[in-house]
Amino acid sequence: MPHSATFAAAHFTQLRPRLVAFARLQLRDSTAAEDAVQETLLTAFEKSATFEGRSEFETWVFGILKYKILNQLRQQRRQGTWQPLGLDLDDDTLDRLFQQDGHWQSAARPSHWGEPEQVLENQRFWQVFDACLIALPENIARVFTLRELMGLSTTEICKETGITETNCWVILHRARLRLRECLDHGWLN
Amino acid sequence: MLMCREATRLMSLKQDKILTLREKMALRLHLSMCRDCRHCARQFDLLHNISDHHPASRISSRKTLDD
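Chains V and S, in that order, are what the protein sequence lines are. Each residue of the first sequence is one higher than the last, beginning at 1 in my numbering. Each residue of the second sequence is one higher than the last, beginning at 1001 in my numbering.
This is chain V alone, in the form it adopts within the complex (with noise of 0.2 Å):
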């Protein structure tokens, strides 16, 4: 079973591109991202910990880097760079999807996708969802990459943002209507 220096130099280096990928969706900044992966990759090497093998590893590297971003986003409502807002109140996505009656407009209705794992694996969905992502308004956007890619509770949201679990609900249904509609138009046609 392969240890921990030799191991984990050999794996930075493949992983590395994807650690940078997912701070980015997360963080939207470049800047910042690199700055959470370099954190997390001089973590894991001062750490020496045993791997049986490569899923370990990864998982614990993507823990470090998680914890990493939380850090960043921390850090950027201190500094007042990111200040989560509560509800736009001028976002129009539920009125612009459905009609009067709360019945769907004829042109936002779902289309099927087809089965979920041939879906999962095609690599075309998941650059139509990286773009549908990074469109999407900032505030709605980071709720939702914290609550679905760093799998945050809504209560820890609630935390980590200051908004209300209220208005969380409220901003996660707005992101997926908006995402689903995305990959809609972008990835069927």
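These are computed hints drawn from the structure, not numbers from a lab. Check before you lean on any hint, since a few could be wrong.
What the hints assert, rightly or not - What follows is a set of in silico ranges between Cβ atoms, one per label pair, in the way DEER data are often shown:
| id | chain 1 | residue 1 | chain 2 | residue 2 | range |
| --- | --- | --- | --- | --- | --- |
| 1 | V | 47 | S | 1048 | 30 to 36 Å |
| 2 | S | 1019 | V | 90 | 25 to 31 Å |
| 3 | S | 1033 | V | 56 | 42 to 48 Å |
| 4 | V | 10 | S | 1048 | 30 to 36 Å |
These numbers were taken from a predicted model, which means no experiment stands behind them. For glycine and all other residues, C-beta sits at the position ideal for the given N, C-alpha and C.
We have chain V; now place chain S onto it with these hints.
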């Protein structure tokens, strides 16, 4: 009677907390009658599973190692 707009709110909420029995029943009834919302529900489920499958964060599984 639950409309699509409200049904999507419950589909989203379902990913973040346990729905009340009344919410569950209302959503189930709506989905049984509305194909558009059934598509939407599956897509919300899929979006909830992205972290395990996103190419960036996907952990190399046994399957990947065998490939």
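Structure-inconsistent hints, enumerated in ascending order: none
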